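Could you build the full structure based on these sequences and the hints that come with them?
There are 2 protein chains.
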Amino acid sequence: MSIDKLIECIKEKENPTVAGLDPKLDYIPSFIIKETFDKYGKNLKGAAEAIWTFNKELIDRLCDIVPAIKPQSAYYEMYGWEGVRVLEQTISYAKAKGLYVIADVKRNDIGSTAEAYAKAYLGETKIEDEIFQRAFDADSATVNAYLGIDGIEPFIKEGKGIFVLVKTSNPSSGQVQDIIADGEPIYEKMAKLVDDWGKGNVGKYGYSNVGAVVGATYPVQLKKLRKIMPKAYFLVPGYGAQGGKAEDVAKAFNQDGLGAIINASRSIMCAYKNTGANEEDFAKAARQEAINMRDEIRRHIQ
Amino acid sequence: MSIDKLIECIKEKENPTVAGLDPKLDYIPSFIIKETFDKYGKNLKGAAEAIWTFNKELIDRLCDIVPAIKPQSAYYEMYGWEGVRVLEQTISYAKAKGLYVIADVKRNDIGSTAEAYAKAYLGETKIEDEIFQRAFDADSATVNAYLGIDGIEPFIKEGKGIFVLVKTSNPSSGQVQDIIADGEPIYEKMAKLVDDWGKGNVGKYGYSNVGAVVGATYPVQLKKLRKIMPKAYFLVPGYGAQGGKAEDVAKAFNQDGLGAIINASRSIMCAYKNTGANEEDFAKAARQEAINMRDEIRRHIQ
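Protein sequence lines, in the order shown, are assigned to chains B and E.
According to my numbering, the stretch in the first sequence is residues 147 to 448, in order.
According to my numbering, the stretch in the second sequence is residues 147 to 448, in order.
Hints were generated in silico from the structure; no laboratory data involved.
Small disclaimer: the values here were computed from a predicted structure and weren't measured.
A portion of the hints provided could be inaccurate.
[As the list claims (entries may be wrong)] Here are some chain E residues the structure puts well away from chain B; computed CB gaps all over 10 Å: (1) I205; (2) P376; (3) N400; (4) C416; (5) K419; (6) E425.
[What the hints assert, rightly or not] The calculated lysine-lysine pairs, modelled on DSSO-like cross-linking and capped at a C-alpha distance of 27 Å, are: (7) K338(E) x K338(B); (8) K202(E) x K272(B); (9) K419(B) x K430(B).
Beta carbons: idealized from backbone N, C-alpha and C, even for Gly.
Encoded structure:
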């Protein structure tokens, strides 16, 4: 079970956090940019290679601290297929280092198309009879369930993990998610679907392969949602740069100390900027920030 | 205005349909598969090259009949970054042939990330001061608005077209979209948002850059939605293989004969299978099917 693998990674590192790898060029130290631009040119390939260098060093310095990474696909796609190639390399490299990989792709479509996405990110692509290849091969993916179960089932069938968008961290998340129907908001209805879809996919720690994305920026809703989806693992964005605090995200955990993994992206990737460290020490600064975050969150869930 | 470009392409070809390019390997004639596998190997690269050969020939034979193509990103992503490379090539090749390109990506995320997706598919990616490159460079993209305006605005800002998922064509679309709130279903609430977001983005034909995805498989809803979003262009999937009929999709059009573009994917790509034509004539069969579809739909909207 994919969820068991995630929980075991979390237990091993005693750290319920995930490092988001959303590598905008602005976040990458200029000495890396210069080196790769000199070698590959000031173009999408040069940019993608800079991301690869940045990611690889971050993974090397974070892999004994964090249990998981979460690359955000948009920041690779914006550099074209060269960027997507680096997304694939990043996933593969992180897994080789023992990290659990959440592909933050928020994919969604009708059944037959969702099947293609599920194969792309979690499964195998058929090339010819008995010949299969893995395209991106993550451990889990984020998905959007506006289309209902048709678009979710193919992901569940792969036997890996998914995190369904329930209550997102952004300011306008309420525009659709907070609409009240039968006395309850849409995000609670979505939460009930997630709880339902997770039945029959529960691993040995009592958690389901069908998780939920719930933003740290809405702590009141987080607390309520924890009750509606007791078996769902929560992927919690919005900590740090977006304003979510440790006492807020503490509400995402169950009594067993499990049930949630807290994401931070910018605060880790850009730690060298925020602490005034030398550019050359970017990975060291990221490591220290990941340690601080781990300790801060552990303090709040004990 | 992107929507004006789409309408002009439709007027020029007198054809309100779009050919979906969802190139599963199963759809591709075996002589193409054999050729590319012999040259590149039975792997993701070989598969991607087969798709490229297939797409190129389809575009050559369809470009004077259809105004637009709609590649479905999932069927490229499932072949890894090599597949995504072919997606980029396909978009570029189709645009060079004068076709309007709808990137069917259904992307969605918080504002900063949606901005990265918008740059990837509709805009320019900044490499360095004053150096920008285009990653995928489509004319429009499909998007999912479960996160509200934050995730939509960056796409609108690019000045290109978007099609927001309102009522999708799949069987379980009602699970979330048909939930009733204040006496109306969520898809109608979404339609009102689309109508609102489109204000200020209306082109010379009276249509907005903010369009809607409405499935041909729900004709009653289609008719109602036409009234709620008078200025939105409808991208209508579900015609043909999914069961939508010409009399159903006719409801997507306004009195001016404009307002909708009807998609067919499998029925065009696999026309050679359905008609029993020789594999070698796949593009000819696709062309004939595109002509038949054009004529059938035109008959129903006049």
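TODO: May I ask which of the numbered hints given earlier this structure violates, with the numbers listed in increasing order?
DONE: none
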